[in-house]
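Enquirer: Order-wise, the sequence lines are chains P, F and D. Take my numbering: the last position of the first sequence gets the number 266, and nothing is skipped along the way. Take my numbering: the last position of the second sequence gets the number 245, and nothing is skipped along the way. Take my numbering: the last position of the third sequence gets the number 274, and nothing is skipped along the way.
Bear in mind the hints are in silico, worked out from the structure with no lab data behind them. Keep in mind it's a predicted model, so treat the numbers as computed, not measured. Cβ coordinates follow ideal geometry from the N, Cα and C atoms, glycine included. Keep in mind that a hint or two might mislead.
As the list claims (entries may be wrong) - Below are the DSS-like pairs computed for lysine-lysine, each with C-alpha atoms no more than 27 Å apart in a straight line:
(1) P/K7 with F/K62
(2) P/K28 with F/K62
(3) P/K191 with D/K27
(4) P/K148 with F/K234
(5) P/K28 with F/K222
(6) D/K176 with F/K13
(7) F/K27 with D/K49
(8) P/K140 with D/K16
(9) F/K27 with D/K241
(10) F/K178 with D/K185
(11) F/K34 with D/K16
(12) F/K234 with D/K202
(13) D/K230 with F/K46
(14) D/K27 with D/K176
(15) D/K176 with D/K49
(16) D/K17 with P/K140
(17) D/K169 with P/K191
(18) P/K7 with F/K46
(19) F/K193 with F/K222
(20) D/K48 with D/K202
(21) D/K230 with D/K128
(22) P/K148 with D/K57
(23) P/K7 with F/K13
(24) P/K148 with F/K34
(25) D/K5 with F/K62
(26) F/K178 with D/K48
(27) D/K202 with F/K46
To be verified - Derived CB-CB ranges, DEER-like:
(28) D/A217 with F/E22: 25 to 35 Å
(29) F/E25 with P/F27: 32 to 42 Å
(30) D/E261 with P/D137: 17 to 27 Å
(31) F/E233 with D/A217: 30 to 40 Å
(32) F/E22 with P/H202: 51 to 61 Å
(33) D/K266 with F/N210: 50 to 60 Å
(34) F/K34 with P/Q215: 23 to 33 Å
(35) D/A25 with P/D137: 26 to 36 Å
(36) F/E233 with P/D98: 38 to 48 Å
(37) D/V246 with P/K136: 21 to 31 Å
(38) D/E31 with F/L200: 54 to 64 Å
(39) D/K250 with P/D137: 22 to 32 Å
(40) D/S22 with P/D137: 19 to 29 Å
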Amino acid sequence: MQEVKRKYVIPGDIVAEGNLRPLVNVFKIGNSIVATRIGITESSKDGAKVIPLSGIYFPRANDIVIGKILDHSSLSWSVDINSCFAAHLPAQDIFGRDFSPAHDDMGRQLSSGDVIVARIAIFDRTRDPILTIQDKDLGKIPTGELIKISPTRVPRLIGKRGSMIQTIEQASSTRITIGQNGVIVVSGKDKEGTTLAINAIHIVEVEAHTSNLTQRIKQLLNVPESEIEVDDTPNNEVNGEAINDDRVISNNNDKELGAINSNGTK
Amino acid sequence: MVQSRSLIDESGKRSDGRVIDELREVKINVGIIKNADGSALIEFGKNKIIAAVYGPREVHPKHMALSDRCVVRCRYHMSPFSTDTRKSPAPSRRETEISKVIRESLEPALILEDYPRAAIDIFIEVLQADGGSRCAGISAASVALADAGINMRDMVSACAAGKVDDKIVIDINDTEDKEGGADMPVAYMPNLKKITLLQLDGELNSNEFNTCLDEAIRGCLKVYEIQRSSLIEKYFGNEKGLKEE
Amino acid sequence: MSLSKKSTVIVENLRKKQMRESISAGKRLDERGLDEVRPLVIELDVIKKASGSAWVKLGNTEVVAGVKVETGEPFEGLENSGAMIITAEVLPIASPHVEPGPPDEETIELARVVDRGVRESEMLDLSKLVLIPGKIVYTIFVDCSIINVDGNLFDAASYAVISALASSKLPVFEIKDDKVVDTGKTQEPPITTIPVSVTTVKMGDYLLSDPNTEEEACMDARLTITTNSKGSIVAMQKGLKGNFSVDEVKSIAEKARVKGEEIRGKLKGLINIG
């Protein structure tokens with residue numbers, strides 16, 4: 001396992017010195033890499049970055065988000081995605097290219113207050129995010145309990161290849177849909193399971209930066225000892241995608257400092 | 001301004017019992033306003049000030065948005081009961097000027113290009129004022145901005161120094177502000193070592209000015225220590241400082 | 001002119017469904033019973049420069065009120081009365097939905113309803129705050145700053161104003177050589193009664209006490225009732241576009257009396273007055 005150094009920083013603190021590549025939430029000045037946010041640093045020979053512990057959700061193309069329909073114009077719905085920009089879901093996404101307000105009733109498909117899980121199809125520096133619900137497992141969420149956590153804790157909640165969230169789902173017999181924007185819907189057969197899952201989620205949110213979190217969560221959920229692994233990185237970086245077939249979660253949580261590229265990818 | 005009475009007694013004590021190079025007590029409580037994205041309550045001597053940050057968030061009205069960077073809006077406001085004589089709730093010219101200089105003291109630290117077409121709103125509410133409220137407000141706002149997770153190049157720490165009884169003193173209180181010889185508030189980015197706020201009220205010769213500026217910076221650095229420890233305490237609890245693995 | 005507005009807070013349909021199901025089973029989403037008021041915390045004397053002050057937390061709704069005393073002319077037609085001015089402001093720090101600027105109709109309504117509760121109950125015996133009748137009287141300012149919004153601003157602001165007033169130490173002025181002089185002494189405020197405001201909201205067929213922000217966004221109508229120490233009603237205000245039946249109003253009024261007395265006892269204990 002490669003050597004990784006971690007420490008707690010506030011904005012302005014030095015993360016690392018030397019000829020390292022600045023990754024996310026840092027900038028380089030002279031020979032030093034400096035943190036731009038409160039968080040936990042990670043520096044290795046690949047570069048230095050800060051895993052942030054606070055901040056609102058800033059949209060990224062291809063993120064899966066859970067949003068709430070606010071209103072609609074004649075051509076699209078406006079959607080609150082718990083971010084600094086309102087997102088838009090074009091009517092054509094549901095009705096197809098021959099959409100016409102004359103014969104297609106937008107209000108019947110989605111109305112104010114409806115909750116949807118969507119993917120950010122387009123986002124760049126020049127306009128508000130555009131959503132799509134055309135992929136598998138996207139669309140309106142008809143039932144379930146909705147809660148919100150800080151978006152910075154979502155990677156920890158998902159865990160390495162989904163391990164943390166699957167542990168919670170299995171132990172509480174629930175199905176949990178997580179948006180990168182910190183909005184979560186939990187659906188279970190009974191109230192007890194849902195409550196157990198929600199409690200576990202809140203603990204992960206508060207203790208995301210600590211070690212041995214997986215162990216404590218498993219104890220809370222009464223998972224047998226033999227199933228507890230030793231691994232426990234506090235920030236839980238996942239390299240690459242970890243998409244579960246029967247549920248929508250995605251794991252791009254690296255964020256480049258400075259300009260988001262014009263087509264919205266990192 | 002020429003003083004009319006002595007503000008430092010024979011044993012070197014100022015009107016509130018401090019000596020000339022002593023700061024008032026400073027306490028910072030992070031995250032006090034639950035609805036805000038970031039917030040801090042600062043008690044700086046008798047000053048009691050809340051800073052709250054909402055942002056980045058949507059700009060209203062839309063036409064005020066900038067295409068390549070974030071808009072920063074800042075409001076410094078004093079509650080009617082915050083001063084010796086009751087103040088009308090309507091914004092005064094003094095509050096308007098202070099809102100502007102505070103915004104200009106914080107903007108250099110913010111990486112505005114990261115949030116095009118959005119706004120960052122900084123609200124500073126003075127619940128009780130006792131000299132140096134703009135500096136305390138800036139220091140609280142800087143903590144609130146970090147609490148909100150907004151990308152910053154550095155923190156901003158602020159403190160005033162001045163002249164009282166012809167001596168350079170650190171951290172001017174209300175009486176010294178009203179009756180003393182000079183008052184110089186300064187805001188400073190402690191790691192980048194840059195000054196972002198500088199104002200002067202009074203008269204200083206060139207030696208006095210240099211000493212006064214050095215003292216104000218020394219005050220800023222003391223405030224920085226408290227800003228840092230308040231943030232570390234909220235986010236990392238008792239696991240302070242370094243954690244190497 | 002008053003204008004219907006689009007709601008600033010749209011609650012997710014999933015949450016509304018959760019709320020309805022929970023309420024029909026007798027509990028709210030935050031686990032409270034339908035009649036239950038959130039924890040009330042009051043800290044006094046938080047603003048030393050004020051004659052009296054209070055920091056009130058009603059659940060997550062937080063309000064700071066301060067009392068400042070000056071002298072001035074009496075109000076027209078009230079020559080033998082001290083003057084009292086109560087203001088309330090929802091500060092921009094308090095919520096993402098506040099626009100800085102002159103007070104809107106909701107803030108003005110809030111300030112006036114709080115003022116009515118204190119004034120109509122005659123909480124302060126203003127006749128005791130006169131220096132020269134018709135010329136110079138005490139002017140009592142009570143200013144209320146709402147610093148975090150989570151519903152039921154009417155009650156929270158009211159408790160802050162009452163606590164600040166009841167716990168204040170008013171200056172003692174006197175006339176010397178035709179000038180008003182602050183003697184440096186302080187006096188107890190002339191309190192005659194403790195008015196307590198109780199707000200009830202209607203959601204469908206259910207009546208709830210002390211709504212939070214999410215509940216307020218889902219409610220049809222609101223009724224705020226202020227009672228005094230004798231249990232008499234001294235002020236009322238109905239709000240929002242829904243309606244109440246006559247029986248509902250009578251039932252709410254009775255509950256407000258009972259709950260008012262409960263909260264009055266709590267306020268007295270917290271402020272330490274008889």
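Enquirer: Hints first: check each against the structure and report whether it holds.
Expert: Going through the hints against the structure:
1. P/K7 with F/K62: Outside the cut-off at roughly 40 Å; violated.
2. P/K28 with F/K62: violated, 34 Å
3. P/K191 with D/K27: holds, 14 Å
4. P/K148 with F/K234: holds, 20 Å
5. P/K28 with F/K222: Holds, at about 26 Å.
6. D/K176 with F/K13: Given pair D/K176, F/K13 is violated - Cα atoms ~35 Å apart, limit 27 Å.
7. F/K27 with D/K49: With a Cα-Cα distance of about 19 Å, the restraint between F/K27 and D/K49 holds, given a limit of 27 Å.
8. P/K140 with D/K16: Judged against 27 Å, a Cα distance of about 15 Å means the pair holds.
9. F/K27 with D/K241: violated, 45 Å
10. F/K178 with D/K185: holds, 25 Å
11. F/K34 with D/K16: Distance of about 22 Å is within 27 Å: holds.
12. F/K234 with D/K202: Violated, at about 39 Å.
13. D/K230 with F/K46: violated, 40 Å
14. D/K27 with D/K176: With Cα atoms ~62 Å apart, D/K27 and D/K176 exceed 27 Å; violated.
15. D/K176 with D/K49: Holds. D/K176 to D/K49 sits at ~25 Å (cutoff 27 Å).
16. D/K17 with P/K140: holds, 15 Å
17. D/K169 with P/K191: Violated, because 52 Å separates the two Cα atoms, which is more than 27 Å.
18. P/K7 with F/K46: Violated. P/K7 to F/K46 sits at ~35 Å, over the 27 Å cutoff.
19. F/K193 with F/K222: holds, 14 Å
20. D/K48 with D/K202: Roughly 40 Å between the alpha carbons, so the hint for D/K48 and D/K202 is violated.
21. D/K230 with D/K128: Holds, because 22 Å separates the two Cα atoms, which is no more than 27 Å.
22. P/K148 with D/K57: Holds. P/K148 to D/K57 sits at ~23 Å (cutoff 27 Å).
23. P/K7 with F/K13: It is violated: about 43 Å lies between the C-alpha atoms, which goes past 27 Å.
24. P/K148 with F/K34: Given that 27 Å is the threshold and the Cα spacing comes to 14 Å, the pair holds.
25. D/K5 with F/K62: holds, 19 Å
26. F/K178 with D/K48: At roughly 19 Å apart (the allowed maximum being 27 Å), D/K48 and F/K178 satisfy the hint.
27. D/K202 with F/K46: violated, 44 Å
28. D/A217 with F/E22: 25 to 35 Å: violated, 50 Å
29. F/E25 with P/F27: 32 to 42 Å: Holds, at about 34 Å.
30. D/E261 with P/D137: 17 to 27 Å: At 55 Å between Cβs, range violated.
31. F/E233 with D/A217: 30 to 40 Å: Holds, since F/E233 and D/A217 (Cβ atoms, about 34 Å apart) stay within the stated range.
32. F/E22 with P/H202: 51 to 61 Å: Between F/E22 and P/H202, where Cβ atoms are some 44 Å apart, the hint is violated.
33. D/K266 with F/N210: 50 to 60 Å: holds, 58 Å
34. F/K34 with P/Q215: 23 to 33 Å: holds, 30 Å
35. D/A25 with P/D137: 26 to 36 Å: holds, 31 Å
36. F/E233 with P/D98: 38 to 48 Å: violated, 59 Å
37. D/V246 with P/K136: 21 to 31 Å: violated, 55 Å
38. D/E31 with F/L200: 54 to 64 Å: Given a distance of about 56 Å, which is inside 54 to 64 Å, the answer is holds.
39. D/K250 with P/D137: 22 to 32 Å: violated, 52 Å
40. D/S22 with P/D137: 19 to 29 Å: holds, 28 Å
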